[in-house]
Structure formats: C-alpha cells, structure tokens
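Peer 1: Now that you have both chains on their own, put them together as the hints suggest.
Taken in sequence, the protein lines are chains A and B.
Our numbering numbers the first residue of the first sequence as 1 and each following residue consecutively.
Our numbering numbers the first residue of the second sequence as 1 and each following residue consecutively.
Treat the hints with caution; some may be incorrect.
[Unchecked claim] Calculated cross-link-like contacts (lysine to aspartate or glutamate; reagent style DMTMM-like; alpha-carbon spacing at most 25 angstroms):
1) A/Lys-100 - B/Glu-256
2) A/Lys-114 - B/Glu-256
3) A/Lys-126 - B/Glu-252
4) B/Lys-76 - A/Asp-17
[To be verified] Quick partial rundown of chain B residues pointing at chain A, CB under 8 angstroms, derived from the structure:
5) Gly-148
6) Gln-149
7) Met-156
8) Gly-157
9) Ser-159
10) Tyr-251
11) Leu-253
12) Ala-254
13) Thr-255
14) Tyr-257
15) Leu-258
[What the hints assert, rightly or not] For each label pair, taking beta carbons as the anchor points, the in silico distance ranges come out as:
16) B/Asp-250 - A/Glu-115: 27 to 33 angstroms
17) B/Tyr-89 - A/Arg-108: 29 to 35 angstroms
18) B/Thr-65 - A/Asn-230: 50 to 56 angstroms
Just so you know, these hints were derived from the structure itself, not from any lab.
Don't be surprised by glycine CBs; every beta carbon is placed ideally from N, CA and C.
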Amino acid sequence: MGEAIIKVDNLVKSFGDHEVLKKIDFEIEKGEVVCIIGSSGSGKSTLLRCINHLETPTSGVVKFHDVEVRNTQRSLSKYRSEVGMVFQSFNLFNNMTVLKNCMFGTRRILHLSKEESWKRAIRCLKQVGMAAYINARPSQLSGGQKQRVAIARALCMEPEVLLFDEPTSALDPEMVGEVLKCMKELAEKGLTMIIVTHEMEFAKNVSTRTIFMDDGYVVEDESPDVLFVNPKSPRTREFLSRYMEAKGA
Amino acid sequence: MYGAMVLADLATPDATSGIWDWSYYLAQKYAGMFFQATLMTLAVAVLGTLIGFLLGFLVGLVNTTKIQKEDFILKKIFFVILKGIVMIYVEVFRDTPMIVQGMVIYYGLRQNDIMISTFAAGVLVTVLNTGAYMGETVRGGINSVDAGQEEGALAMGMSHFRAMIHVILPQALKNVIPEMGNTFVNNLKMTSVLNVIGVSELFLAAKTAGGTYYKYYESYIVISVIYFILCFVFNRIFALIEKKLKGREDYELATEYLDGE
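Looking at chain B on its own, in the form it has when it is part of the complex (with noise of 0.2 angstroms):
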C-alpha cells in the first residue's frame, strides 16, 4: 500500500506495476470523468426509481380496481381495456432483460426518427422496468391493508376514491418502502447495462479509461470500489427510514382529560 502511494505520484506505471498502482492511477488520471459518470449513473438511478415508482403506483391501482357488477357499462369497459394494457405491459418488461429493452426502445424510436437522447432512453427504460416490478409490489402492499380499512371510510360516506387516497394509500406507501430502497440500489447497479446505448455511466467510463492503457481489469476495479460505497451509503440511509417510519412506540396521555372519567 505504501509503494503504491508513492508511485502514483510518479508517472506512468510501467509493465511491473501491480494491479492496485494503476487502478490508483487510472482513478486520479479520469477522476473528473468518472465523477461525471457517478452523477450520471445517481441521475438516471433517481429518476427512473422516482418516475417508474408513480408508474408502478398507477399499475398497482389499477390491478386492485375491481370491476363491479353494478358499475356503469362504459366504466366496466374502460377497465377492462385498461387491466388489458397493463397486464401486457408488465409482462413485457418482466420477460425480457433490460439491456435488451435498452437497445430495442433506444434503436427503435431513433429508427423511426424520434431523436431521443441517449440520458432520455436510460431513464425511459428504468422507468419502464421499476413500474413493471413496483406495480406488483403495490398491489402487495395495497392487499395487506385490511380491507376493514376502507370498509371504515365507506361507512363513514367517503368514496371508494377518497378512502383510497386519504386511509389505503399512505398504509401502502409506508408498506412498500423498504421494497423502494431495494429497488433504488438495485436500480443504481442495473444502470450499468444501460452502456450498451451509449450513456455515459460508470460502466462506459471504466470501458474507456481501461481501453486507453488496455487495463479494464484495475479500470473495473475502480468502479466496483464506487459502486459499493454508492450502494452501501444508500442501504444505510433507507435503513434508517425506515426506522423512523415506525415512529414512536409511545404516546403521551392528555392528562388534561383525565378528570371525571
């Protein structure tokens, strides 16, 4: 360790370097790229966790509507259609790997002419995937909210709407987010499937540092380091979200109250 401290203050290392010497090297030579690229790769990660994550949410309602027999004819179609487009839309994206919707969505608008951006094309894709998978897991979450729940809301003279935004929803919401931090770290390492198409993440940094010295394996080395701080850095804060979500366990008695009863 100490060696290598040294030499990478020197020039170049030559053919009789170790690995640790040019990874340090190839670090600090492309730090300000490979800086961009862990920006870009944070960039496409929250956006598309954020966006897919309301994508998943739409996918969720819409797979715990049911349909009525009472209901209006046009809103019974409505939501057969709708159930129809979602159902296929969600296998898709479960059934095929992501780099490949990377290349499929990327060529294929360009194709025919629609001049997405390579940045664009990445949180489009992991949009589309996060809400393929999030839709299931709010469904999940939306079923495990006892349906005495709305039963409470309905009988008080709310809509099946109103209970659902005011009581469902955010017992849901606080069901499924230890499932959204997974899906953000997972999300933050899939990016890296997405240098297939071009943008410019950690993935294709290391690609081109490495190819410049021909050394991928310590230009890999550096990224994995980046990686594993990324997500070991976001498993811990979504961990103490979690803890804090659970609140307080006690509460504190109104004891102004507590006369004459």
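Excised from the complex, chain A in its bound form (with noise of 0.2 angstroms):
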C-alpha cells in the first residue's frame, strides 16, 4: 500500500435540506485510475466538485499528501494547481486562442518563462493531437477537439492527479471516441486519475479501481474486474443490468 494523494475523511455535502453525499470515505494513490460510476443525482459529480473545492464540502475534510485543503484562497490556489480538472462543457476560455488557453495557467499560476510554456503547451497540444491548431478559437473547435484541449490544458500544468467530470457526456457520439482515446493513453502513460463517467467500457477497461455511488453513498468500491462481473451489492446489479437493457435495445 503506498501513501494517498488524495484522501476524504468523513465528507458531506447538502444543499439547503438536501443531502447529496452522506459521510463519504475515500483516497487515490499514485498511478490509480478510479473511476466513479452511478445513475444520475447519485453524487459523483458533486464529489469530484468537493474534492477540488469548486463546492466547498459542508463538513468532512479533503487531505492532499495528508495536509488538510484549507478553505483559503492562498491554499486552494496552490492544490488546484497541482490537481487538474476537464469538465463537461470544457470551460476553455472563450476569449483566447488554444495556445493562450494552453500557455496561460503555466505563465500566471507557475510563473514558468515564456519559453518553457510554450514548450510544455506544444508537447501537451501533440499528446492530444491538437498542435495544428494553436491559432484556432475554441467556438471554431467541435466538442472533441474542444475536450481534448482541455485535457491538454490541464496536463501543461503538470498535475499530480486529473480530474475528468463526465468529460464525453456533452459531445455528439461520434467525438465520444477520440476522447477516450487520449484519456486510455494517458491512463497508460501512468497518470493518477478520477473519471466520473458514465461509459461503463472505459470504466471496465481503463480503470485500476471502480466506485458505483448511490443516493450520497459509496456503495461499492472494487476493482473492475469484480464490480462488473460479480457486484457483490444488489443495487449495483440493479444498476449495471439496467445499464445493459439500455445499450441492448
């Protein structure tokens, strides 16, 4: 057992009366890809959201390296540099080219020299197969260049863990493939990640660890090879047999 990046001790999360996640216990170690699976309003998104503070948790705390995420700008600033995070609807900056949007955390964030950023945002750009395009906007991109420069965008900062938030679910079918893509390379180049996603075949296929969540609640927590062909909880048998009638028909 090596020694946690990320570990969550105890946390909830309510909005007003409503809980979304009820006493969550969780950690990722170095070179783990967990990925986080579950119907919708099951929690995983909210999560990933607490677990880089883009919700700040109602009570529980996150542990980076085992030193508590504070709650101020000055600590937040400094761990959301080193975990990165894709999004649904990818929140490039609109008002940039892709390389600003690449070579803009490594300047502002890590001071890097002009130099090196560019470096770092060309290697980035060619790992994902969007170097050509560094004078383009992103409103001239479709969805899956679209996320896979903000894949990129997030690996030129070097992070220690990448946080994906149903990162295909916004794109047409046919982009949904070049995004895994990138993301199985990167998972084989041995980058630490947590993906909430709802594509049960990169889930089986990629991960290192799986986590079907219900109602606030981890319910299970398993490898792969267990969670898909011998869930041990009904609920997950429920879920992925409902999740198999769909694709079937």
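Peer 2: What follows is the structure in structure tokens.
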C-alpha cells in the first residue's frame, strides 16, 4: 500500500435540506485510475467538485498528501494547480486562442518562462493531437476537439491528479471515441486520474478501481473485474443490468 | 437653395427672408461660437461616457459579487454596506431626470461653498448618470459570460479576482461595447439639458444666437444639423468597431504540427 495522494474523510455535502453526499470516505494513490459510476443524482459529480473544493464541503475534510485543504485562497490555489480538472462543458477560455488557453496557467500561476510555457503547451497539444490548431479559438472547434484541448490545458500544469467530470457527456456520439482514446493513453502513461463517467466499457477496460455511487453513498469500491462481473451489492447489480438493457435496446 | 447662397453673402436677411436664409446666416455669423459649443458638447460627452463607464464597471462588479456564507465576517459587512450604497446611488440617478440632477448638483455644491465650474458640474452629472445605467449593462454583460469560464479558471488555481480580470471581464467588455456606443451617442444629445446650469454647449449657443435676432426656430435648425451629423458619424464609427471586434471567422492551421497526428 502506497501513500494516498488525496484522502477524503467523512465528507458531507448538503444543498439546503438536501443531503447529496453522506459521509464519504475515499482515497486515491499514485498511478490509480478510479472511475466513479452511478445514475444521475447519485452525487458522483458533487464528490468530484468537492475534491477540488469547487463545492465547499458541508463537513468533513479533503487531504492532499496528508495535509488538510483549507478554504483560503492561498491554500486552494496551490492545491488546485496540482490537481487538474476537465469539465463536461470544456470551459475553455473563449477570449483566448488554443495556444493561449494552454499557456495561461503555466505563465500566470506557475510563473514559467515564456519559452518553457510554450514548449509545454506544444508538447501537451501534440499529445492530444491538437497542436495544429494553436491559432484557433474555442468557438471554431468541434466538441471533441475542445475537450482534447481542455485535457492538454490541464496537462500543461503537470498535475499529480487529473479529475474528469463526465468528459464525454456533452459530446456527439462520433466524438466520444477520440476523447476516450486520449484518456486511455494518459492512463497507460501512469497518470493518476479520477473519472466520473457514464462510459461503462471505458470504466471496465481502463480503470484500476471502480466506485459505484448511489444516493450519496459509496456502495461499492472494487477492481473493475469484480465490480462489473460479480457485483456484491444488489443495487450495483440492478444499475448494471439496467445499463446493459438500455445498451442492448 | 440658389437664392439662399446669394442672399447669405449679402447683408443681414430681412423680414421677407425665409427660414433657410436665416439659418444659414446665423450659422455663418456665429460659426466660431457654434464650433466652440460643438467641442464643449463633445468634451462633456466623451469625458462623461469614459469616466461614467469606469464607474459603471465598478457598479457592475459590486452587483455581481456574491457574498459567500463562509466569507470572513468583516468582508461580509463591507460588501453589505457597499452594495447598499451602490443600490441607493443607482436608484436615485435612474429615477430622477438628468436636468434636475444638474440643478441639484450644481447649485447644491455652490451653496455649500464648493465653487465647481459649470463644465465640471456638467461632466459630473453625465458621469453619475452614465454610471447608474451602465452598471446594469455591465452586470448583464458579466452574467452573460458562462459560469463555466470562471470555474475553468478557478480549477486551475486562479483567484476569483484574477479570473475576473483575465477571463470574465474581457468577455463581458466585448458584450457591452455595442451598448457603450449607444450610451455615448445618447450622452451627446443629453448634454443639451446642461444648458440650464450654463454649460456653453450647443443648446446654449443656439439660445444665444437665436436671441440676438429673435430667430429661435432658425437657430435650433442649425444645431439640429450639427447634432445629427455628430450622432450619425459616431453611430457609423461604433458599428465599424463592433464589426472589427467580431474578429476573423477563420484561423490558420499550424501545418508544421500536422505530421504524425
């Protein structure tokens, strides 16, 4: 057992009276690729957003290398620059070109030199096959291209962990493949990732661990071989069979 | 028209002369005054719009700042008070006529021994008026930027403030530039009410020129033409700027990176 990079202790998140996350415990070690699955409203995206404090947890702590992430700008900025995030809706900066999007964080937050920042941007964009588009603006790209640029932008920060919040859910079906292929390559290179997804095949094939969430609880946290083939909980079984039915139809 | 040209070169028109003869005569005779008044109108409108716009941005920023539950208590109190002040300011200036604001500010200040010049008072009234209206526009401009833009910036490690400066405001500014043009042209026309506090802009010039010969109608025709030309030209300029801001539709493919992809 290695040391946990991110550790979530007793995490509770409520919106008003509605408790979305109910005492979540969870940790991730270096090199793990954790997929979080579950139906809509199960709290999986909220968990991911709590991990990087885009949602402030109602109670409980998130620890990064055993140090509690505090809710101060300085602490958050440092932490978030080491834990990247890829969003469902891409969130590329619309007022910048692809290249500027990728250079922004390394220039402004990591304070790298222009050359170094440029080299990283080109390298990361090449990795996702988008280097030819450095002069394009986000509005000129397809959804799949945008998401690949968003991944490159996150990679430029050289994060220890990369969080993916349903990265393919907003894409046209024919573009899902190119993004998943990108992510698979990153997993093979050993990048630590937490991925909230509805892509069961991807979770089954790529993740080292799969978490099934339901109604704000972590129901099952297993290797994908066990979870997909022989789930322990009836709720997991029900979810997976419903999914298989939908797919068969 | 031909008659007018000939007559105008002659002496003062008489009782039998038409409107155009008189207008042309007044325009010529008081060309210097009308020119000065045009400059004054432009100066008040330009300064009033620019500074008013900055004020509007501050108002918009304050109005879009959300007070978070977990914020430090002093920060909360500060923002509650600030938001209160901004709200009162905006309401007062939106709910009273500019002509009255001019009187209240100019005479109010002078009565309290602040010897403000008519020009400064004119600019001040225009600034405060513009700020109150632009605040709403800027708020709309900021709110129309997708919330994901800020989240993208925050998730990278940026603060709310820096996300505003580098990501949100540049996009909001682009959204409000058309409205900025409208406001400027509107201010060009609204400066006319400042004649009541004695700002020597176009309206006051027309009143003065018309008064000498008792030819008000003709005199106002002259400044109508000047206002029209000013507004027409600036509307065209802003339309051009707006078009430029849209930017190019295409982009250059960096073909040197196409290999191996």
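Peer 1: Are the hints correct? Go through all of them and say.
Peer 2: So, going through the hints one by one against the coordinates:
| no. | hint | result |
| --- | --- | --- |
| 1 | A/Lys-100 - B/Glu-256 | 18 angstroms, holds |
| 2 | A/Lys-114 - B/Glu-256 | 20 angstroms, holds |
| 3 | A/Lys-126 - B/Glu-252 | 17 angstroms, holds |
| 4 | B/Lys-76 - A/Asp-17 | 24 angstroms, holds |
| 5 | Gly-148 | 4 angstroms, holds |
| 6 | Gln-149 | 6 angstroms, holds |
| 7 | Met-156 | 5 angstroms, holds |
| 8 | Gly-157 | 3 angstroms, holds |
| 9 | Ser-159 | 5 angstroms, holds |
| 10 | Tyr-251 | 4 angstroms, holds |
| 11 | Leu-253 | 5 angstroms, holds |
| 12 | Ala-254 | 5 angstroms, holds |
| 13 | Thr-255 | 7 angstroms, holds |
| 14 | Tyr-257 | 4 angstroms, holds |
| 15 | Leu-258 | 5 angstroms, holds |
| 16 | B/Asp-250 - A/Glu-115: 27 to 33 angstroms | 28 angstroms, holds |
| 17 | B/Tyr-89 - A/Arg-108: 29 to 35 angstroms | 34 angstroms, holds |
| 18 | B/Thr-65 - A/Asn-230: 50 to 56 angstroms | 52 angstroms, holds |
This entry satisfies every hint, going by the numbered hints stated previously.
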